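Take the sequences, apply the hints, and build the full model.
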Amino acid sequence: MTPRASKADFTKTPEFRLLIIAVLVFGLMSVLSPDRFLSAQNLTSMAFQFPEFAILALAMTITMMTGGIDLSVVGVANLSAVVAALILTQFSDPSMPAAQSAFWLSLAITAAMCIGAVAGVLNGALVAFFGLPPILATLGSGLVFTGFAIAMTGGSAVMGFPDAVAVIGNGQVWGIPVPLILFAALAVLLHLILTRTAFGLRVSMYGANPLAALYAAIDINRMLLKVYVIAGMFSSIAGLIIMSRANSAKADYGSSYLLLAVLIAVLGGVNPYGGYGRVIGVVLAVLSMQFLSSGLNMLQVSNFARELIWGVLLILVMVINTNALATLRASMTRSPR
Amino acid sequence: MTAWLPKDFWTRNETLVAGVVVLFCIIAMLSDPRFLTITTVSDLLRAAIVIGILAVGAMLVLVSGGIDVSFTAIAVFAMYASSVLFLAVWPGAPWPLIFAASIVFGALLGAINGFFIAFMGLPTLIVTLGTLSVFRGFLLTFIGSQRISDLPPAMRDFSRGVLARGTTEAGNFYSIPWAALALLFVIVMTWFILRKTMLGRSIYAIGGSVESARRIGINVRWTQFFVYVYVGALAGLAGIIHGSVGRMADPFSLVGLELSVIAAVVLGGARLIGGYGTLTGTLLGVALIVIVQNSLIVIGIPTTWQSVTIGLLILLGTGVPAYRAKRAASRAG
Amino acid sequence: MSSDHDTAFIDLRAITKRYSGVTALDSVDFTVQPGEAVCLAGENGSGKSTLIKIISGVEPATAGTVSIAGQERPVLNPRISAAAGVMVIFQDFSLFPNLSVAENIAFATQLSKHKRFYKSAVTRDIARSALDRIGVEIDLDVRVETLPVAQKQIVAICRALAAKAQLIIMDEPTTALTEKEVRRLQGIIRMLKEEGVAVIFVSHKLAEVLEVSEKVVVLRNGKKVAEGPASEFDTQSLAHHMTGRDVPEVPPSDVEAGAETLMQVAGLTKAGSFSDISFELKAYEVLGITGLLGSGRTSVAKALFGLVAPDEGTITVDGQVTPTGDPQAASMARIGYVPEDRLTEGLFLSQSILHNVTIGRLDAHSRGGFLDMAGLVAEASDWLKRLKVKAPDVTAPVQSLSGGNQQRVALARWLSRAPRVLILNGPSVGVDVGSKADIHDIIRDLAGQGIGIIVISDDLPELLATCHRILVMRDGRIIDTLDGKSVTEDQLARRLAS
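Chains as they are written, first to last, in the working numbering: chain U, 1 to 337; chain V, 1 to 333; chain X, 1 to 498.
A few of these clues could be false.
Pairs of lysine to any residue, SDA-like flavour, derived with a Cα cap of 25 Å [unchecked claim]: (1) X:Lys113 - V:Arg195; (2) X:Lys53 - U:Leu328; (3) X:Lys113 - V:Leu199; (4) X:Lys53 - U:Ala326; (5) U:Lys226 - X:Leu376; (6) V:Lys326 - U:Leu211; (7) V:Lys196 - X:Asp125.
In case anyone wonders, no lab produced these hints; they're calculated from the structure.
All values derive from a computational prediction rather than experimental measurement.
Okay, structure coming up:
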């Protein structure tokens with residue numbers, strides 16, 4: 001474990017390739033549209049845009065590390081936001097004194113986080129105690145969470161918040177957007193959890209071989225419960241950011257974020273069958289995506305083309321990260337007909 | 001007394017889902033006697049056609065041990081592209097030709113999935129997640145993002161074609177469209193492939209164990225490739241039916257349905273690990289989802305609770321067998 | 001010799017196989033006559049699987065010629081080989097759990113005839129006639145996943161027969177069978193031989209198949225080191241040829257007088273698995289639990305570690321009753337369990353050696369919620385040194401190690417938790433003969449340090465080499481307790497089979 005050895009290793013990792021991709025995309029966009037892409041205004045607006053779905057991707061990452069998936073992240077985000085929004089609109093109004101609205105805001109945030117935690121417990125219980133495949137458990141629970149949000153609001157948007165709410169999604173601290181700070185904090189937190197705590201190591205180990213984890217006397221049920229609770233609470237935070245940026249909450253906001261979050265996690269090198277994943281990879285994947293979409297936006301490329309490019313990027317990265325080309329060559333030569 | 005029933009009849013998912021459907025219908029009839037009239041049934045059938053065709057395709061993929069989330073994007077791509085193509089080239093073309101074009105588009109897009117999955121060995125979920133974005137992005141960027149309501153007249157003619165129509169004594173209008181035949185055709189053809197051809201049996205075999213399939217000489221790659229092409233073709237058919245019956249080519253429709261369709265298939269007993277899944281189960285699952293989507297109000301549940309109901313059904317429908325399996329495994333020790 | 005070659009069904013001459021510089025087979029001659037049963041013996045890595053891959057057309061030879069059924073085959077692939085009548089039954093049988101017995105038997109046959117359509121009547125006929133050929137009755141319509149192991153093996157044999165097998169290659173055919181099932185398998189093999197079907201057994205547990213075989217071929221390091229009539233070999237001489245050295249086994253030393261009782265098991269019962277299991281384990285003692293497959297030995301082992309919840313009974317460790325059915329509680333009571341299947345149950349193959357060793361010690365190395373990484377590395381390195389694991393780097397994935405070293409990593413995981421009681425289920429399964437002796441040394445050594453050890457095994461020499469006492473199980477009950485030092489292998493074998 002000399003520094004030189006680990007450096008040599010790093011160039012072979014999928015994260016290193018992602019770093020190159022991120023730098024290339026950034027460089028390319030800077031060259032193509034130097035005065036606009038590199039403008040302070042664009043950089044700030046990017047920093048406001050990506051944290052909400054990037055946090056969902058972090059939630060996806062930890063569940064994928066166990067070989068699971070959380071398809072309920074957007075449902076949890078919206079349900080949390082709707083609950084927070086209802087508390088804010090019921091008990092406070094824009095004319096309220098700042099201190100009072102701050103109280104209701106903190107109560108709303110607490111309630112939202114509790115929703116995320118409860119949703120996580122439910123998902124975790126379905127996966128751990130009832131043995132449902134995570135993809136089905138969270139698909140079903142996601143519909144239930146979205147459904148509650150619809151039932152509570154009748155399907156329409158909840159709005160009319162005190163000004164303090166805007167801080168979460170639109171505020172800046174020392175010129176740094178608050179959503180970016182939240183994302184950075186959560187990314188560092190998740191990185192530390194996954195690499196520096198007993199729980200985090202158990203997550204990777206379980207993902208690598210669930211049966212061996214059972215025989216190694218790991219408390220699997222408690223671990224899975226924690227994983228889904230963390231995913232749920234991360235989703236709640238993303239929901240609050242979405243609510244603040246949209247200045248409203250609605251049951252079907254961010255529906256495109258679900259597949260985007262899965263896409264970013266996989267792009268970031270997380271093994272969807274469990275056992276491997278690094279937060280740095282996910283962060284680099286998020287940045288690449290954001291550079292790409294902002295840059296394309298500058299170049300007047302439509303939103304839809306971005307989706308196209310994301311998909312191409314995902315498959316391209318998979319082809320590079322796995323030995324897909326070797327498989328292709330083998331299937332061409334070995335096929336008897 | 002039950003000798004004619006399969007041994008596992010009472011523990012099968014199909015039985016469970018059929019039970020729920022029947023129960024729902026009984027409650028619905030009790031609260032609204034008009035529920036089981038030909039009018040309601042023909043309405044439900046119409047709603048089930050597109051989902052049904054898509055679900056048959058999704059079932060095939062699950063049986064082969066994969067998962068496909070891109071079929072909705074394929075459906076809408078094939079439908080929109082063939083509409084645009086014929087409006088530009090030959091607006092007066094007969095509908096079978098337009099349909100054939102859509103099916104071919106679908107099969108080609110399915111072949112792209114098949115290429116990455118069968119020949120490059122990439123994981124199915126990731127590939128189809130990627131192609132979902134690619135197909136949709138390509139459609140909206142390069143082909144069009146406007147709704148088209150003046151479709152080729154032949155498509156409208158198709159949607160007017162009915163197998164049976166009439167008015168009940170109570171004065172309610174009903175009709176069963178031609179499209180129902182398409183669903184029937186898809187069911188019969190898929191049944192034939194799965195039950196009566198070596199190809200179909202190979203799909204089950206691959207789902208049961210890819211390694212064993214390879215060892216006994218099944219051509220795994222081409223079988224997988226076929227599955228994705230076939231699913232693509234079915235999606236193309238479902239898409240063009242959706243466009244014709246709705247009398248509009250909407251490039252934003254259908255996408256987003258994929259998880260509900262997969263849920264219907266899984267409710268019907270198909271397993272994500274592959275190798276298990278039946279047409280009966282799939283159709284029952286579709287029936288359940290369609291009934292809940294359209295008739296929840298009849299049994300007194302407001303439509304705002306529709307999502308919750310479907311979610312709970314998925315959790316129950318997959319949770320009960322999963323929990324039973326887990327218990328059985330722990331008992332066996 | 002030349003007449004041998006003329007009549008042989010399989011005739012390999014001077015076969016050499018190299019994988020990127022490594023020679024897996026070095027100029028090996030190998031013949032199989034029609035109706036002959038051949039034991040192909042060798043340790044892991046001796047080249048026996050490579051030889052099988054070449055015969056079955058999975059891999060081409062680097063040099064040498066392959067003739068099947070009197071015809072030289074310069075180009076060989078699995079299809080050609082299968083068409084010539086070579087069928088391999090892998091250890092996992094390669095069946096389709098979701099398909100019926102009939103379909104499993106007939107599938108390959110139908111495929112090879114290039115059938116496009118599936119006819120259930122034809123399928124059933126093919127399956128029925130294959131089953132009739134060996135005189136076995138199995139319901140054609142049940143799914144294979146519901147069958148017990150021995151019946152799955154029969155389905156696999158029938159599949160080979162249906163596909164007109166001239167040679168059936170069986171990989172480790174007896175590993176999962178009970179004594180009675182082995183007898184039945186031997187009967188089936190005799191029947192096949194009478195019909196002119198040849199059989200190759202690939203195994204490192206050969207005692208059961210020696211008596212139905214004509215010839216033994218032993219490979220070591222890619223070379224053929226012994227060949228001769230089966231009657232000239234016994235377990236001892238086979239082991240000698242496979243390892244290239246005699247493996248003397250030192251019997252265990254006495255348990256120190258007055259050693260304290262570590263574990264008491266009383267009335268452990270689980271309906272359908274085992275009943276009224278009671279025994280005591282002393283410090284410094286190695287206790288064997290043996291029995292045929294299905295006797296309940298593995299269920300008891302799992303119950304001791306909480307992986308199976310018993311209906312009744314208590315487990316007491318150091319005077320404290322431990323909750324049953326809870327691996328964490330067992331682990332807290334300092335019981336360790338090294339499972340039988342290292343690859344799927346024991347190790348996290350893709351993860352580092354470090355993590356594999358320290359997974360049970362993470363909480364002990366946590367400071368304020370965070371791990372003391374240096375402490376973990378130091379502890380893991382220490383254990384690797386003590387167990388003489390040759391590993392370049394603790395961060396290397398455990399799959400880069402050899403089988404024997406992997407088993408030591410699995411042991412190190414539990415030893416690092418300073419266990420009072422260590423349960424070893426099949427401690428040398430899948431480990432080559434040389435490493436086996438090393439592992440037995442380790443077991444004796446650990447017992448010498450005061451750990452109570454329970455060895456679950458059906459490998460009789462292993463039990464005799466390591467255990468002070470041996471409990472014999474049948475039908476879920478302990479039927480006998482034998483003294484490890486005075487009992488002979490014959491007596492033990494008779495007690496097992498009775």
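Do the hints match the structure? See the list:
1. At most 25 Å may separate the alpha-carbon atoms for a hinted pair to count; Lys113 of chain X and Arg195 of chain V meet this at roughly 18 Å.
2. About 22 Å separates the Cα atoms of Lys53 of chain X and Leu328 of chain U, which keeps this hinted pair within 25 Å; it holds.
3. A hinted pair counts as satisfied when its Cα atoms are at most 25 Å apart, and Lys113 of chain X with Leu199 of chain V qualifies at roughly 14 Å.
4. In summary, the hint linking Lys53 of chain X to Ala326 of chain U is supported, as the alpha carbons are separated by about 21 Å, within the 25 Å threshold.
5. A C-alpha spacing of about 24 Å is found between Lys226 of chain U and Leu376 of chain X, which places the hinted pair at or below 25 Å, so the restraint holds.
6. This hinted pair checks out: Lys326 of chain V and Leu211 of chain U have alpha carbons roughly 14 Å apart, not beyond 25 Å.
7. Taking the CA atoms of Lys196 of chain V and Asp125 of chain X, the gap is about 16 Å. The hint holds against a cut of 25 Å.
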